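> Read off the chains here:
Protein chains: 2
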Amino acid sequence: MKVDPWNVSGDIDYEKLIKEFGTEKIDKKLLERIKKHTGELHYFLKRGIFFSHRDMNWVLDEYEKGSKFYLYTGRSPSGDMTLGHLIPLIFTKWLQDKFGAELLFQFPDEEKFLFKDNLTFKDTEHYLHENMLDVIALGFNPKKTKFLIDTKHATAMYKPACMIAKKITFSTAKAVFGFDNSNNLGQIFYTAMQSVPAMLPSYLKGKNIPCLIPYAIDQDPHFRITRDVLPKLGYYKPAAIHSVFLPPLTGPGGKMSASDKLSAIYLTDDEKTVKKKIMKYAFSGGKPSIEEHRKLGGNPDIDVSYQWLRFFEEDDGKLKKHYNDYKNGKLLTGELKQILIDKLNKMLKEHQIKRKKAESKINEFIYRA
Amino acid sequence: MKVDPWNVSGDIDYEKLIKEFGTEKIDKKLLERIKKHTGELHYFLKRGIFFSHRDMNWVLDEYEKGSKFYLYTGRSPSGDMTLGHLIPLIFTKWLQDKFGAELLFQFPDEEKFLFKDNLTFKDTEHYLHENMLDVIALGFNPKKTKFLIDTKHATAMYKPACMIAKKITFSTAKAVFGFDNSNNLGQIFYTAMQSVPAMLPSYLKGKNIPCLIPYAIDQDPHFRITRDVLPKLGYYKPAAIHSVFLPPLTGPGGKMSASDKLSAIYLTDDEKTVKKKIMKYAFSGGKPSIEEHRKLGGNPDIDVSYQWLRFFEEDDGKLKKHYNDYKNGKLLTGELKQILIDKLNKMLKEHQIKRKKAESKINEFIYRA
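As they're listed, the protein sequences go chains A and B.
The C-terminal position of the first sequence is numbered 585 in the numbering used here, with every residue numbered one higher than the one before it.
The C-terminal position of the second sequence is numbered 585 in the numbering used here, with every residue numbered one higher than the one before it.
The list treats identical chains as interchangeable, and a pair is accepted whether it falls inside one copy or across any two copies.
Below are the SDA-like pairs computed for lysine to any residue, each with C-alpha atoms no more than 20 Å apart in a straight line:
#1 K338 <-> K375
#2 K543 <-> E507
#3 K332 <-> K383
#4 K368 <-> R584
#5 K383 <-> N334
#6 K368 <-> L420
#7 K375 <-> N334
#8 K375 <-> A585
#9 K375 <-> R584
#10 K252 <-> W274
#11 K423 <-> F337
#12 K383 <-> D396
No lab work stands behind these hints, which were simulated from the structure alone.
Note that the structure is a prediction, hence the values are computed from the model and not measured.
Bound-form chain A, shown alone (with noise of 0.2 Å):
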């Protein structure tokens, strides 16, 4: 198993995984304390999606005596979006809804430019159109929501990245990273400017303001920095909330990767894709053959439609049922395809409707210093 911000292999062990990084497992006790304040629980969290945090108790605590989090997520534009990427941001804006919080969403253009040999800057500005527009039709609310996107923004940015930067040695980047002497400088320098959103409400407010950073466990790395030094700097160190991968469509462990196209699902794949991908390429837990799958039944854990319904199948009723069905034989691999099929069909018709009309409102998004 490997899993760093840039690399996500072998099967992955979730309770290794919070051992390892040394963060907390999200239990009952975390879950309703929640939900006094949500009402309901996202499925994400009734599901162990989202499964392990860091001072979420803190923020909590904060937020019952009045001092509102802010939420900080990103995406690094580098590819089309997959429905991997859309986990954290579905969960970050059930957070924006339910606690009211202002959300600060980095677009790290230069990243993958530096730790890509092939990708241009022009590469990557067109992809950091195409992926505002996937995370402006999730319909996070352009009064609460500023895209910080680091070239563009890098005078608001690169000071207190600095500031960040002048705390982190060499030695720590290569016990975090496995950096070596082979790293460019600008992937060396890059993580303080992860940090940066993390701070600059409170940098520029002058008092501290506890931020919440949803993330897919592979970032961790660079956060566990950014909470070694923030508090060297004066500030509160950001809590965290992590979710489990979406795994890819051809294997039940590991994590979908946007730059594997037989294993990704792509938010601007149109109806026939979809259907071709996930009939073609999805993992299945069923038997070989009908007859045997009919007597024994399918193993719902390892196939690769069933978990991705786990998901996108908000309703816990009608996924119990599927699990069963399938479980004892009753639903066949090729009818549970078509089931995810037409969930998944049905919502990227509606994302790319408002993936439409999200181009009239990027500039609503742009942070203004």
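Once you have looked at the hints, place chain B on chain A.
Only chain B this time, still in chain A's reference frame:
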């Protein structure tokens, strides 16, 4: 001898530096060629104060073909400016006047913040302002001179800096600057920011414009990297012309350091302070007693007052007379010191008047994207 952008110590052997750094000595042929365009030679050139270069002949080839170069130099605002800082600036102003050249003047206000533990951005902000006054007081043409301030112009600089940084590995930074695991991430990235002005006009205009960088030779490691990287991005290597260091008051060798209060005279020092410092600390090439001095003469080649007159007495005739008078014992050390004191105080008085007037001009000089 140690010469790098952050440390200069020991007896400086400039011939050896030319070999070690791989630069070229400024020879008579080059001086003649420069004179063809400038009409006269600046006394810094005649006296070998500017002694080394890279690609000056190429810059002049381009100039003669009608492709004008621009100048790039800078000042890291980390303290009050000294007489030593003036040397490359006086010469840059001369080049601007003689060649009608545009000048990009960088104030890398994050550099020393990153390299000095106790320096804050509040400090650099203060020195930035003070240093800008000194630079403007030197008489640069506001129509042709733009101040590029790293933290204030980061949106113009960070993206090209990332393009540069992508081409520099930590290995290279280790080899060139002697960095190790204890360097912070900002220090490691910084050299990319120092390279930016050497390509920014070409990058913005989408066509190659020759660049000439006058600087004291200790900055050469940065620009070796710049010259290595820019062609990989499709830009010209910048040309360079290098000065020796103004020696410290207290010794015949090395470099005046702004942080050593005894060895430095500041551009804001008043007449009494200048007199006191020179009388008290200027290293003497004289003999122990007046009798001996009269009989055997002094040694102007190690006498700091004479050395400084080489930098500040424009009149070759007067300088020669001081040399001879001191060497043959006609001039005592105290008298030579008084000559220097008078020269400097006249110069600084004029500078300080211009410096006051500079306050209202700052805005004209600030770079606009």
